[in-house]
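Between the sequences and the hints, there should be enough to build the whole structure, so can you do that?
So the sequence lines, in the order shown, correspond to chains A and B. Under this note's numbering, the first residue of the first sequence carries the number 1, and numbering increases by one thereafter. Under this note's numbering, the first residue of the second sequence carries the number 1, and numbering increases by one thereafter.
Think of the hints as simulated: they come from the structure by calculation, not from any bench. Heads up, some of the hints might be wrong.
Remember, identical chains collapse to one label, so a pair may be satisfied in a single copy or spanning two.
Keeping only pairs whose Cα atoms sit at most 30 Å apart, straight-line, the calculated DSS-like set for lysine-lysine is [to be verified]:
#, residue 1, residue 2
1, K289, K108
2, K90, K108
3, K83, K386
4, K305, K203
5, K342, K175
6, K26, K349
7, K175, K329
There are 2 protein chains.
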Amino acid sequence: MKIIVFGGDGFCGWPTALHLSNKGHKILIVDNLSRRKIDIELGTNSLTPIEDIETRIKTWNKISKNKISFYKLDIAKNYFELKELFKSFKPEAVVHFAEQRSAPYSMKNSSTKSYTVDNNVNATHNILNAIVETRLDCHIVHLGTMGVYGYGWTGKNPIPEGYVKVLVGTTREEKEILHPANPGSVYHMTKTLDQLMFGFYCKNDSLRITDLHQGIVWGTQTDETKLDKKLINRFDYDGDYGTVLNRFLMQAAINHPLTIYGKGGQTRAFINISDTVKCINIAINNPPKKGDRPSIFNQATETRKLSDLAKLISKKTSAKISYVENPRKEDPRNDLVVDNSKFLKLGLKPKTLNEGLMDEVQNITLKYKDRVNLKTIYPTSKWVVK
Amino acid sequence: MKIIVFGGDGFCGWPTALHLSNKGHKILIVDNLSRRKIDIELGTNSLTPIEDIETRIKTWNKISKNKISFYKLDIAKNYFELKELFKSFKPEAVVHFAEQRSAPYSMKNSSTKSYTVDNNVNATHNILNAIVETRLDCHIVHLGTMGVYGYGWTGKNPIPEGYVKVLVGTTREEKEILHPANPGSVYHMTKTLDQLMFGFYCKNDSLRITDLHQGIVWGTQTDETKLDKKLINRFDYDGDYGTVLNRFLMQAAINHPLTIYGKGGQTRAFINISDTVKCINIAINNPPKKGDRPSIFNQATETRKLSDLAKLISKKTSAKISYVENPRKEDPRNDLVVDNSKFLKLGLKPKTLNEGLMDEVQNITLKYKDRVNLKTIYPTSKWVVK
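Encoded structure:
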């Protein structure tokens with residue numbers, strides 16, 4: 001299948017492009033390299049020594065019979081160039097990672113808030129617009145987030161996969177609705193906006209769209225990125241782009257206390273990067289039909305309370321734990337039960353935290369710990385302007 | 001009170017600015033004059049001979065002791081200039097009309113789709129962002145649309161004012177949720193995106209926001225715009241910007257058959273422009289408290305089936321009726337009951353179609369019928385790309 005991976009140079013995008021290529025698909029990566037530029041802006045870097053995109057692709061194309069190609073483009077700003085790309089490449093599916101994906105970065109200041117909204121909304125809408133205009137029958141697979149749901153709305157009931165049944169009005173008629181949006185940051189908010197755009201374009205133009213509500217990703221490597229050291233995936237550990245578990249793992253490696261925001265009563269959903277790429281392949285192979293509403297999967301395999309997660313790592317590595325003021329505006333504690341049966345039914349065998357954590361410490365964080373910029377460990381973005 | 005009216009040169013914005021000025025408020029109009037530029041792009045014009053913005057304001061400032069000022073700015077594209085404006089004017093409230101507001105224009109082609117999303121989302125977000133950054137306690141009154149609800153979701157129950165009670169899950173716990181979004185065009189979709197942004201900024205930053213879900217506006221003049229002929233409000237009759245009732249009234253004046261899209265079974269909600277400005281004044285005087293969720297009013301006073309509306313005008317004016325292919329993708333017929341009790345309780349005395357229609361024909365459409373550009377009467381924007 002011909003597939004465009006938008007944002008294919010990023011943390012999830014790069015291993016996804018390799019995995020789909022390995023599965024025999026013809027892959028075109030489209031990326032504006034914004035993630036690398038933001039590293040420069042923030043004075044941080046990937047813990048792992050990633051190669052530039054040309055070297056990455058050249059390396060892959062040497063060892064794989066399925067070649068990947070690359071096109072540098074800011075899809076949020078260049079609609080007509082994007083449309084030309086659709087017309088010439090004629091993708092049968094696209095994977096859409098081309099959004100600013102850090103919640104702290106999205107809350108940093110007014111410029112990063114504006115950028116996140118402007119970039120994410122226009123990137124998504126331009127893809128939708130281009131598929132309608134080019135009349136291609138092209139399946140969109142989009143990376144959403146568990147954060148669209150907020151926490152606790154369903155109480156003791158598990159968070160469903162996108163849609164929830166409710167009884168309405170005096171007649172108590174049963175309706176199935178999109179789970180109400182309750183985003184916790186400007187970044188998460190943009191993913192709730194995406195959902196409404198998907199709903200409209202499915203209804204009006206019968207586009208085929210899969211939205212994957214992903215948990216917090218941890219880990220670095222996949223079967224494909226391990227094939228050559230020049231294919232190594234990025235690992236973010238800084239206060240803005242480092243996801244919580246990866247931050248803990250890096251901190252454990254350098255004997256820095258694990259920094260819990262608040263008291264750690266927040267329960268979150270997690271997934272390993274190697275499961276991310278498998279989920280996307282499964283989604284590509286199981287598209288919705290024309291005329292269907294957006295097909296939504298919860299792409300998460302385990303839930304953990306953050307304090308439990310820190311204790312688990314502390315136990316395995318002897319790292320200390322420190323509690324820092326929570327820069328976010330969020331409930332101090334919550335329960336979380338997630339329905340993820342759709343991916344499990346389609347054959348996903350999750351990699352658990354228990355089996356993968358120490359591999360990550362030994363092969364990534366200990367190995368590259370000398371590359372850490374200590375100044376970027378603590379969070380600097382605050383949720384509320386004082 | 002110091003109030004900025006964003007989009008204060010437009011069809012609703014101009015009479016609102018005058019009405020609020022007349023009520024004693026200090027008004028700053030901020031507008032990029034995009035509506036006038038789109039007239040040029042579409043080769044159409046206001047049926048009424050509107051003056052340029054400078055003449056309008058000069059005229060008002062001669063007859064009123066409350067002066068209006070004007071600042072030309074594209075707020076979607078110039079965040080920092082907008083922020084400076086907030087810092088220097090220090091508004092206690094803003095009225096936000098600065099969005100592309102035609103559904104057909106938003107569906108015309110890929111450029112108008114992109115423009116509508118880009119302009120409307122960024123305009124709204126920049127206002128929110130600027131209020132947070134300047135730490136002003138400024139109430140936002142936003143013009144939403146009845147179209148966010150779609151039609152028929154509540155069945156025989158009236159469409160509530162923004163929020164709907166539902167029972168959830170096996171425990172049947174009662175929750176009040178934002179009415180599920182079901183927009184019928186890219187334009188309407190942007191207003192559903194606005195709603196989610198408002199929800200987030202109320203939650204995270206305790207902004208005070210009122211969202212007015214307005215029905216289809218008809219009529220031209222208000223008490224203030226009638227005070228001098230140079231204050232006359234615009235009247236759009238073309239296939240893109242002309243709202244259905246105003247189009248019918250213009251067609252009746254020039255002995256053109258009233259053009260019903262489809263069979264006219266669509267029921268819609270209406271409001272007269274003179275009630276629009278009163279509603280906004282009421283909203284300004286009844287702000288939500290800090291910490292409240294967005295306060296939502298349904299700003300509509302009557303519902304009519306489009307075929308009944310055409311018959312009513314036909315009966316009063318002897319105009320013929322013609323049925324044209326519906327360019328929109330919408331249900332051919334629907335019921336519609338709208339809860340608008342919040343404005344009624346706060347004192348709104350609606351102007352009915354029965355009392356206002358003929359005045360509109362005599363004083364507007366018959367008077368200015370020679371200004372009609374006949375080429376722009378029929379709809380050209382289609383909802384589905386063939």
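Earlier hints that do not hold, by number: none
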